[in-house]
Structure formats: structure tokens, C-alpha cells
Amino acid sequence: GGYVQSPGGFGSPAGGQAEKKQRSRSQNIVPCTVSQLLAAEQVDETFRICDVEISQVTVVGIIRHAEKAPTNILYKVDDMTAAPMDVRQWVDTDEAGGENVVVPPGTYVKVAGHLRSFQNKKSLVAFKIMPLENMNEFTTHILEIVNAHMMLRKNLMSVSRAPPSLSTGLSDMGGYGAGGSLTMVNGLTAHQSQVLNLIKSCLLPEGMSLQELKLQLHSMSASTIKQAVEFLSSEGHIYSTVDDDHYKSTDAE
Amino acid sequence: MGDIHEVPRPRIATGHLAQHIGQPVCFVGRVEKIHPTGKFFVLSDGLGKHTTVELSEPLDEEISGIIEVVGRVTNQATIMCVSYVQFREDKSPFDLELYNEALKIIHEFPEYFQCG
Numbered sequence: 012g013g014y015v016q017s018p019g020g021f022g023s024p025a026g027g028q029a030e031k032k033q034r035s036r037s038q039n040i041v042p043c044t045v046s047q048l049l050a051a052e053q054v055d056e057t058f059r060i061c062d063v064e065i066s067q068v069t070v071v072g073i074i075r076h077a078e079k080a081p082t083n084i085l086y087k088v089d090d091m092t093a094a095p096m097d098v099r100q101w102v103d104t105d106e107a108g109g110e111n112v113v114v115p116p117g118t119y120v121k122v123a124g125h126l127r128s129f130q131n132k133k134s135l136v137a138f139k140i141m142p143l144e145n146m147n148e149f150t151t152h153i154l155e156i157v158n159a160h161m162m163l164r165k166n167l168m169s170v171s172r173a174p175p176s177l178s179t180g181l182s183d184m185g186g187y188g189a190g191g192s193l194t195m196v197n198g199l200t201a202h203q204s205q206v207l208n209l210i211k212s213c214l215l216p217e218g219m220s221l222q223e224l225k226l227q228l229h230s231m232s233a234s235t236i237k238q239a240v241e242f243l244s245s246e247g248h249i250y251s252t253v254d255d256d257h258y259k260s261t262d263a264e
Numbered sequence: 084m085g086d087i088h089e090v091p092r093p094r095i096a097t098g099h100l101a102q103h104i105g106q107p108v109c110f111v112g113r114v115e116k117i118h119p120t121g122k123f124f125v126l127s128d129g130l131g132k133h134t135t136v137e138l139s140e141p142l143d144e145e146i147s148g149i150i151e152v153v154g155r156v157t158n159q160a161t162i163m164c165v166s167y168v169q170f171r172e173d174k175s176p177f178d179l180e181l182y183n184e185a186l187k188i189i190h191e192f193p194e195y196f197q198c199g
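Chains A and B, in that order, give the protein sequences. The opening residue of the first sequence carries number 12 in the numbering used here; numbering runs sequentially from there. The opening residue of the second sequence carries number 84 in the numbering used here; numbering runs sequentially from there.
Isolated chain B, as found in the complex:
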């Protein structure tokens, strides 16, 4: 899996990409489109803003719905994906807008979410 999973990966939305260039992050969003080559795809965050996610190897499966990506932010403010996971929505849909509200709160109160 690589080193990136051993370090903190702040949860961000599209609007935070610029502040995290070069850094490991965790991004949750809805699949909007997948490039025919399978080498990148576009996710929308809780505000509907788009982020491009690049892969080193093309996707070997269909992805849809809500994806959580772990990766590093590139100079172009895209995310170079190291790993991803699909959120299960078989029992209930995931409220991406609520997640965005939670992000606002943890960014506003980092002292209560990550101490020290």
C-alpha cells in the first residue's frame, strides 16, 4: 500500500486543494465521469465542485457512486491517487452534503479533531 497510509491525510474538499499542494490528503466525492483510458476520473464534492483524480495504472474495474481517495495533491491541483475505496450505499445513500458540513467543522475546530 505504500508510505502514504502511515501519515496523516487531512480530509479535504475541492476548495482546499490549493492549500495542500504536494501533500497527502483524503478526498471523498461522487463519480462524475471516467476518462475512456481509465487513467483519470472526476469526482464532485459536497458542494458540487469537481476534482480530477489521476491514477498511475488505469482502473481495472467500474467505479460509481461515492469514492474515498487517498493520494497526493499535484501542482495542477489534481489528486494523484494511491488507493481508493467505494462507500457502500446498498442500505442507505451517503449524504455527501452532510459530509461537507462535517469537513467545515473539522477545519474550523482542528483542535478537537486532531490534538497535538
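Chain A on its own, in the form it takes in the complex:
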């Protein structure tokens, strides 16, 4: 005890998920191939790759062309999955001497930026372009792409982080974008998030039982659910109520 649970009015699944989608859109940086970006469909202001919303992305490729203009540098970045993509980097014209040095063609770089589409042509507006010093980052990026898209597609309902061994441990770009190439809101794995969301959605005073969780999460084994519950409980996301089989969320939504 010690937490006051609101009468459950805001605990409805629809409200919770819409809120999460809002947050996931603005905080994710998703590693992608150029081919995925070109295939992304635009609906109003948002882009989707196979239903996964993307906005900020990272791409690793080789610079094929660089053109400096007064206010921006236009690169063509090639990752072999499609034709090179236009990447624009705005230059701070007040800055003397150029923090923005043109990266020469033939250099492998990691680009972080926003996907844009203008007159049906896709491009990136980069907020960071970093020459790769360690080419193993290029290999890591390939693995991160597969991991990110697999996880994001499987978890369209909840927002989750890749397990530590597959996250951006080897990447130097972890600093921006709130923590790396697959940035999540609440720092939970896919399973933990799903369990937590279900518990949050339960309006019963005694909370959700493990039985009910097993029934609803038929793709998850009993031991996976139990591990998730134990983790969430130890982290303070949930608490047990009438017994060790019933849990409520500590989040006063």
C-alpha cells in the first residue's frame, strides 16, 4: 500500500495507447535503410514503414557527392539498398570558420536526421553527420536495423527498448535523441511493456490476476509473464494487492 489509485477513469486501454503513440513518435530514432525510407508511406504529417511510425532516423552509408551552398551542404549518401539519398545539413551562417566542414565523398558516415518528403521526393534533414572511425559500427547498424524494425512491428501497441546486448552499446551516437537508436519512453522490454499495459488497463479493485494475464497474453509463456511481473514489481511499476497473484499499476493515470 501507500499509493492511491484513481477510480480508474483514465486507465482505459484506448487512452493509454494513444498517449504512448504520441510519445513514441517524438522520441524514437529508428535505424533504417535508404530503401525503407523510400518505401515509407506518408499520411498527413507522419511517415510509416510497414505501419511503424518514423520521424527521426539514422542511416549509415558512403558519401557519393557533396555540394556546399551558402546555407546548407547537400550530400548524397549511399547505403547500397537503393539510389543514394539526398541529405541536407543546414549551416549556421553566423558561425565563423565553419563547425560545418564538408565531409569528402568516399567517406562512410552515420547520419541522424528527420525524414522529409517534398514533391514526392524523399530526403533527410540531418542534425548530425559523423564520419565512422570504426567500421564495425557499420556492421552494428545493419544489425540494429533488423532488430529495431522487428521489435517495432511486433510491438505496435507498446513502446519498448531493445535488450541491453542489442542496444547501441557500440555506437558513439548514443548521446542525442534521448538515448540511442531505439529510444523508448519507459525503459522496458517488449514483454514487460505488454504486461504493464494490461495491468494498467484493469479496472478491478483487486487488480489483474496472473491467470488473466496468461489468458490475454497467449503468446507469452507463464514464466515470461512471471518474470515480467517480478521485474515490474521490483521497479515500482506495479504492486500486489489481495495476494501475490494480483497486481495493480502504481501509475495514477
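Treat the hints loosely; a few may be bogus.
As the list claims (entries may be wrong) - In silico lysine-lysine, BS3-like type, Cα no more than 30 Å apart, as pairs:
{"no.": "1", "chain 1": "A", "residue 1": "139", "chain 2": "B", "residue 2": "174"}
{"no.": "2", "chain 1": "A", "residue 1": "139", "chain 2": "A", "residue 2": "79"}
{"no.": "3", "chain 1": "A", "residue 1": "225", "chain 2": "A", "residue 2": "165"}
{"no.": "4", "chain 1": "A", "residue 1": "165", "chain 2": "A", "residue 2": "237"}
{"no.": "5", "chain 1": "A", "residue 1": "165", "chain 2": "B", "residue 2": "174"}
{"no.": "6", "chain 1": "A", "residue 1": "132", "chain 2": "A", "residue 2": "87"}
{"no.": "7", "chain 1": "B", "residue 1": "174", "chain 2": "A", "residue 2": "79"}
{"no.": "8", "chain 1": "B", "residue 1": "174", "chain 2": "A", "residue 2": "87"}
{"no.": "9", "chain 1": "A", "residue 1": "79", "chain 2": "B", "residue 2": "116"}
{"no.": "10", "chain 1": "B", "residue 1": "132", "chain 2": "B", "residue 2": "187"}
{"no.": "11", "chain 1": "B", "residue 1": "187", "chain 2": "B", "residue 2": "116"}
{"no.": "12", "chain 1": "A", "residue 1": "87", "chain 2": "A", "residue 2": "133"}
{"no.": "13", "chain 1": "A", "residue 1": "133", "chain 2": "A", "residue 2": "165"}
{"no.": "14", "chain 1": "B", "residue 1": "132", "chain 2": "B", "residue 2": "174"}
{"no.": "15", "chain 1": "A", "residue 1": "79", "chain 2": "A", "residue 2": "132"}
To be clear, the hints were calculated from the coordinates, so they are not data collected in a lab.
We have chain A already, so just place chain B on it with the hints.
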């Protein structure tokens, strides 16, 4: 640079050459030997298997270490090189075996690497 850089070039290892005859590909490997004429060289992939890379013009520089080749697979399952790039290894060696593992993954899960 030519048309080949405007199309998708699947990343392959030596074992995939036969499935890509006539197609543009991207091959990363370690230089094993260079023919005295400079018109072809041999690369080994992450499994140590060799691929022959042919050039239309002889090499005008020494190459060594890890090379990424863009080219088309010939009927003889060699690669006709259009362009190549040397991976920098001045700060860290490139793990070619790990790259081969990554290739296995992207070949196994093409839907997560190239959508549509």
C-alpha cells in the same frame, strides 16, 4: 560512376554469387592476392571463401585489408567491379566474421532490412 549506384545492390558473401549471376551486388572481403597485371584480385569473405574481382582497367594503386566492391556478377561467378572502397582500419580492425553474421541475418529477414 554509372548506373549501378542508382539501383539496389544486395550485400552478399561468396556463397551467394551463384544466385546473383548477372545482378548488381555489393561484396565486402579481405584482399588475399592481386594479379600481377592488376586486372583482377581475390577477396575472402567472413567464412574465408574466395571471390575473384575483375576490373575493366588495371588497379592504379596498392590495395590491402578490407575492400567493399560494387559490381555485377559474371556468368563465371566472379564480380566485374565498377567501384570499390577500402574500409578504414586505422583505429580498429574490421570484424569480417561479424559482418558475415550480419549478412546471414539480413538474408534471413529481408522484410526488416528492405521493405517493399
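Given the proposed pairing of residue 133 of chain A with residue 165 of chain A, does the C-alpha separation stay at or below 30 Å? Measuring from Cα to Cα gives roughly 26 Å; hence the hint holds.
Given hint residue 79 of chain A paired with residue 139 of chain A - CA-CA distance at most 30 Å: The hint holds at about 16 Å.
Straight-line alpha-carbon gap residue 79 of chain A to residue 132 of chain A, limit 30 Å: OK: residue 79 of chain A and residue 132 of chain A at ~20 Å, within 30 Å.
Residue 139 of chain A paired with residue 174 of chain B [C-alpha distance capped at 30 Å]: With Cα atoms ~21 Å apart, residue 139 of chain A and residue 174 of chain B stay inside 30 Å; holds.
Between residue 132 of chain B and residue 187 of chain B, is the straight-line Cα distance small enough, at 30 Å or below? Since the Cα atoms of residue 132 of chain B and residue 187 of chain B sit roughly 15 Å apart, the hinted pair holds (cutoff 30 Å).
Can you confirm whether the C-alpha distance between residue 165 of chain A and residue 237 of chain A stays at or below 30 Å? holds (21 Å)
Between the alpha carbons of residue 132 of chain B and residue 174 of chain B, is the straight-line distance 30 Å or under? Cα-Cα ~26 Å, so holds.
Quick one, are residue 174 of chain B and residue 79 of chain A close enough, alpha carbons at most 30 Å? holds (29 Å)
Given hint residue 174 of chain B paired with residue 165 of chain A - CA-CA distance at most 30 Å: Roughly 37 Å between the alpha carbons, so the hint for residue 165 of chain A and residue 174 of chain B is violated.
Hinted pair residue 187 of chain B and residue 116 of chain B, Cα distance within 30 Å: holds (26 Å)
Given the hint that residue 87 of chain A pairs with residue 133 of chain A, test it: the Cα-Cα distance must not exceed 30 Å. With a Cα-Cα distance of about 12 Å, the restraint between residue 87 of chain A and residue 133 of chain A holds, given a limit of 30 Å.
What's the verdict on residue 79 of chain A and residue 116 of chain B, does the C-alpha distance respect the 30 Å limit or exceed it? The hint is violated at about 39 Å.
Going through the hint list in order, the structure does not satisfy hints 5 and 9.
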